[in-house]
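Please model the entire structure based on the sequences and the hints provided.
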Amino acid sequence: MFRKMLCAATLAASALPALADEIALRFMYSGHLEQRGDFSDWVPGPWLGGTFRGEDRNHDGVLELDELSMLRIQGADYLGCRQPGSHCAIDYFFYREDGTLSFRSYWDAFFDGNSYGSSFIVSGQYEIETMDHEPYFVYRYFTPQTTLSITPVPEPAAYLMLGAGLLGIGAQARRGKRRSVDAQA
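According to mature numbering (1 follows the signal peptide of the UniProt record, and there is no 0), the stretch in the sequence shown is residues -20 to -1, 1 to 165, in order.
No lab work stands behind these hints, which were simulated from the structure alone.
Nothing here was measured: the structure is a model prediction, and the numbers come from that model.
Even glycine gets a Cβ: it sits at the ideal position worked out from N, Cα and C.
Just the calculated beta-carbon pair ranges, DEER-fashion:
#	residue 1	residue 2	range
1	E44	G143	32 to 42 Å
2	C61	Y121	19 to 29 Å
3	F90	R52	12 to 22 Å
4	S20	Q54	18 to 28 Å
5	T123	K157	58 to 68 Å
Structure (structure tokens):
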């Protein structure tokens, strides 16, 4: 009986790390109106995404820029921004638990010393991408048909706990099977 209680307490204690206040989320906007030069077209697929991690330290239900520990948009790290030849800035950021996400960001880079690119994003409104070649400017506009999906980023510890739990269940089942075979003999 004591062993069962000890196992239950160990199992309950293993879930404690899951109660951490820091959250990690992935976002993806799909569908936009794209304008290149004189041509514009509706593009239905995913086009703007990233991940962020942070802790709502003031417990107001809003994750703001100063509460973030990580922010990546389109592969660029906006909090570290230490890539040679590049500059970036994030003017504001907030995420509310109801799924509201708002930010304004800027990024530019010189690639291999010759080519240049930049991106200016105001979430919910537009992205302007500049290049050093034709078409030079690409405008991507949010529309009422643009959708936003926000999903949790799985943490490695969650996979470890799942694996340990499955191993424990398998071992217990095997042990129970052995006992029933021994009891029949």
